[in-house]
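Protein chains in written order, with this note's numbering: chain A, 175 to 535; chain B, 175 to 535; chain C, 175 to 535; chain D, 175 to 535.
For the record, the hints were derived by calculation from the structure and aren't laboratory data. Where hints are given, some of them may not hold.
One copy or any two copies: either way a pair holds, since identical chains are not told apart in the list.
[To be verified] Straight-line alpha carbon distances no greater than 20 Å define the calculated DMTMM-like cross-link-like pairs of lysine to aspartate or glutamate that follow:
#: 1; residue 1: LYS372; residue 2: GLU432
#: 2; residue 1: LYS361; residue 2: GLU382
#: 3; residue 1: LYS444; residue 2: ASP286
#: 4; residue 1: LYS249; residue 2: GLU321
Protein chains: 4
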Amino acid sequence: MSWNSFGRVFRFTTWGESHGPALGVVVDGCPPGLPLTEADIQPYLDMRRPGQNRFTTQRQEPDQVRILSGVFEGKTTGTPISLMIENVDQRSKDYGNIAEAYRPGHADWAYDTKYGFRDYRGGGRSSARETAARVAAGGVARKALPESVRIRGYLVELGGDAIDRANFSDAAIDENPFFCPDPEAAKRWEALVDSARKSGSSLGAVVEVAAYGVPAGLGAPIYAKLDSDLACAMMTINAVKGVEIGDGFAAARLRGEENADAMRLGADGKPEFLANHAGGILGGISTGQDVVVRIAIKPTSSILTPVPTITRSGTETEVVTKGRHDPCVGIRAAPVAEAMMALVLADHLLLDRAQCGVTRS
Amino acid sequence: MSWNSFGRVFRFTTWGESHGPALGVVVDGCPPGLPLTEADIQPYLDMRRPGQNRFTTQRQEPDQVRILSGVFEGKTTGTPISLMIENVDQRSKDYGNIAEAYRPGHADWAYDTKYGFRDYRGGGRSSARETAARVAAGGVARKALPESVRIRGYLVELGGDAIDRANFSDAAIDENPFFCPDPEAAKRWEALVDSARKSGSSLGAVVEVAAYGVPAGLGAPIYAKLDSDLACAMMTINAVKGVEIGDGFAAARLRGEENADAMRLGADGKPEFLANHAGGILGGISTGQDVVVRIAIKPTSSILTPVPTITRSGTETEVVTKGRHDPCVGIRAAPVAEAMMALVLADHLLLDRAQCGVTRS
Amino acid sequence: MSWNSFGRVFRFTTWGESHGPALGVVVDGCPPGLPLTEADIQPYLDMRRPGQNRFTTQRQEPDQVRILSGVFEGKTTGTPISLMIENVDQRSKDYGNIAEAYRPGHADWAYDTKYGFRDYRGGGRSSARETAARVAAGGVARKALPESVRIRGYLVELGGDAIDRANFSDAAIDENPFFCPDPEAAKRWEALVDSARKSGSSLGAVVEVAAYGVPAGLGAPIYAKLDSDLACAMMTINAVKGVEIGDGFAAARLRGEENADAMRLGADGKPEFLANHAGGILGGISTGQDVVVRIAIKPTSSILTPVPTITRSGTETEVVTKGRHDPCVGIRAAPVAEAMMALVLADHLLLDRAQCGVTRS
Amino acid sequence: MSWNSFGRVFRFTTWGESHGPALGVVVDGCPPGLPLTEADIQPYLDMRRPGQNRFTTQRQEPDQVRILSGVFEGKTTGTPISLMIENVDQRSKDYGNIAEAYRPGHADWAYDTKYGFRDYRGGGRSSARETAARVAAGGVARKALPESVRIRGYLVELGGDAIDRANFSDAAIDENPFFCPDPEAAKRWEALVDSARKSGSSLGAVVEVAAYGVPAGLGAPIYAKLDSDLACAMMTINAVKGVEIGDGFAAARLRGEENADAMRLGADGKPEFLANHAGGILGGISTGQDVVVRIAIKPTSSILTPVPTITRSGTETEVVTKGRHDPCVGIRAAPVAEAMMALVLADHLLLDRAQCGVTRS
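Based on the sequences and whatever the hints tell you, model everything.
Written out as structure tokens, the structure is:
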């Protein structure tokens, strides 16, 4: 209900700024007895970690997570799990010029207008560094999900260049620096990002997150819809400007009989859907099909290309954002979107068993 | 935090099914002293009311709202405002065949899987009739907003046929049955919808909602972002499959310098933006520009075209949905999306003044 | 989280004023498939109903509850259950004199100060008539509890005259107009209340609510303690000024070894407690013993004895409250406290199974 | 809404166990621009700090608070304030015997029953060490209150020995190790506590918290009453078994005309109350009088006197709790209760201005 918490019964609260001593998250409502160590969480942070190649920011952060509470003898205790990540590579001096000038496309001016002042160092609370905390929380959420659930985030478009679905390879996602399931697109994207970076510009992207093996029955018909919570969750990620479930905007161009995923009985006598235009959610409730969400990420607003702007003291100027920035924040958004998917699913799993008294599988 | 409430401090809870005696909403947290009568709310319900022309369902519902509490001598008292709308034109017998067969594209099967059974009459709680309650709540929310705020919902695409922005006329929105701002598109859509209806099919649509005159400073940097709450709000509307803020998915195809709305000082010395790719929200906080949201609405799933499906008892069949349905639910979604915009803005206005102690204008 | 809702996952929202057309409650998050009709709820309303004898207000209200949603073919559907009770015996003219003068001991002045004006008829939203809505909601909550749970509310003190625990008879509670488990005390109380009524005064009371058969394991160690939620729930009832769990304030006078309920193994090998100073809750979690709560209810503030006060327009005066009032509001608080116990237990049952994935019995 | 958060708009979430590396709290929703340093918070922690005299536990904890986020250049930024306190003097080996045996009067058995296992070291999450986090959060809350507000917590009874109100001295509270406003009682209590400690027993206490200078108008008539939130807040403190507002249980023994605080006009023409039986709250809303709350604290359950109990493996035994414990936990509860008062008032101040759009003073 407050400003920095998310979730209903599996709930997390993040804290921390880009240039403070640390950032972290408190995960509350986690089921007791789940095996959990830092090694369960670290791999997801490593996926998101900056400075691993030339396509992301050069800020060097080990992003080592530390569990400060809620785990005893290797198992969750049912009490709040506090996770902390130290900031080690801050260079606040990089931000001298933006203390005064508002960066267009950034929260700077709106933030200052709301709160009367702001921590300008690295964007303060508005920095995408906050997403490290979510990714850590997502690592906990995954432990609360049935083992059948597998979550994958990947880019389906970068700088306007879309993948070819015919080339989709799950394995490829881990084999290039773009979380790109189409090896050929990945090659093209290298050139795209290099070129944008060199010209002091930046690019947007579309990330798709799929959750496989989600049991049917999660969600609710109206204000706790699985899809409305996913839309909210995804839109809280920095730079996201759009969210689609299943066919999304394309569904608005289908006719009723094209869009309605027909049902048949499978060889095992269980219901089967003949298509998945719905993205695994109907009437707010999961259907057991793959849950598919896509998010649009705008190009990084911190760029070396000068943009007209104004200053705190009310003069016109142009601003160039130095510091170390991702030429395409969409890339590192893939593990973040995965984490948000895991967090929403864990919350709905618990919410569903609260009301219905069953554990779905 | 529960299943049928929305909002943080300005909060509403809806109840009711398509074929029960009534439906309604409790609006809680409304500021005291606002003038409010049923006549303030009714016009919005009338915009959404079915049966007004051949392009929407023929169910005849007067949708007369009644204020049952929270108003004394014509002013809100600060206590919960209970609004009720009676259902008068139910024809439950129309739904005999779908008691047994699951309608593809509908919540039927998922709902049954979750709860073990369902009220099949008119979709029960999953019916779009629930949106009447939101529209009524939205009428209250509008009273809580500064007079400067004006909210407009309109269709920018129907059945894949988009409006021409060059033809945009605010006045036109009220002059055709499609809430269409482009008079020429409105003419084309008559034929489109007629054709879909006659062939027993249905169409999707894209609705845009704009809020003009929203003060800068509403929202928060992370989990109570104005845009994440809007995304959540819009995705709770029946049949919505996608949400965009500002340029939305198109922003993912822009370069950083194209997307960053440059700032200048206006003639009055106040900050001005030279563009509005951001849709009036940066870093989760309103900028004072027009807040612009677009939603994708899938084609109605209740159609006369037979679709393969299964029954509760586990046999394969085809289903044809009789009853009275909108050939394009997207049309009546325009006033619903307006209501959700008003409700989110009212909530954020109150949330902002809770934290910052100011009333923006 | 808002002003008129209570509960976390089993949540209810009440609305309505003393002199409006109706009052009601929306119960959200109720498990699906529970048998529920108006006849399940009405008996609890009848227990609380005014005008049944000379010891309560003479306002004649049938308090007939109507289920408007959330039930289909006699079973809860998992969607919001809207309950409405019409007000039929309003006499607003009784309140003419208090429109101007603030009644000491009442919310009048504080309410006016907060909201700028108030519905003075019968106390408006501050009227104890609101408790009818809770009692109705409590009737639903009882259906969500295990059958083993039995809840009893009764008076243990009235006007300073306490029962003799040696006389405690569960059956007696239903056999006198005071919900008094001690038949001898009940006789004394007749005279006490008659005397107070005749002299234009009023009396306070202490109500005890016990829940028998509550499974061990409900609650949480810190901010969702079963006892903190009970304390909150009970303190929301009109005129309540104190809450105790188990020995309550008397526990502050015990030594550690007296207060610590010793444990042994029962004949069946299961843990047993040798005493219940704790009132069935330790560290915020139920122990399986009887959950025992006591509440202090102040004497009715609406009395015929003149009390010095001031008016809206800022003059000194004396006020006499006519209208029809309970000489001891504590009497009818017994069924209300029962309802709040049921509501808190139902919420914690669901919250516990959300986190722990088990259904306790 | 989850298990370890408290508050509506000014909200905090605590984490940490008695024997983990650290404990802490995230304060969310704090107004921006408030001056805040660690030195503003530390004095309150020092009041609660153990090991300062022979009447409290001998565990030596410096309880140094560290601000990890939410403050920039000495002012709150409006983003979450993360506070951390390291645990330095753990002696887990002290708890070997209670890993197996359940301590009567403690959460041990209930906790184990709920979660399936527990962190037995020092009570784990159920330890009163958690209250350090609240006290730190309370230090932040005080900054959000008007300067007129002064909060004082003190003991009015210890081991059944009550203070004499005629001796009440505000200054005396700081001059003895018992937060006792009656110097003579303080002397008697030295002997009482010494005796209990030496005999391996423990004592209960009654703490009163008064808030002076609270503006009228905070709270709400029903489920967000100022007093119900205070009751909830106080009951979340370890070992609390009862809460009273104003006259509390004694009010149940008054007649209506005795209890109703009469009103007059003061010399300045402003309303005055001639008494404060109500404890500063009427109908859930503050009246501008002193807000007075009393809480009953049971005697420490960790005692050296053997108590019959059972073990995890199902045998009967007696348990003696070594480790270092407070002979009367009620003493250190005074600063904790102060903190909870500050936190509830800050939350209601913000909630009130959300709805009513005014800042009270």
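Hints, verified against the model:
1. Only between protomers do LYS372 and GLU432 lie at most 20 Å apart by alpha-carbon distance; the minimum there is 17 Å, versus 45 Å within a single protomer.
2. Taking the closest pair of Cα atoms, LYS361 and GLU382 come within 20 Å of each other only inside a single copy of the chain (19 Å); across copies the shortest separation is 37 Å, beyond that limit.
3. For the identical chains of this complex, LYS444 and ASP286 are inter-copy neighbours only, at 14 Å across copies versus 56 Å inside a copy, given an alpha-carbon limit of 20 Å.
4. Proximity of LYS249 to GLU321 under the C-alpha cut-off of 20 Å is restricted to the intra-copy arrangement: shortest distance 17 Å within a copy versus 34 Å between copies.
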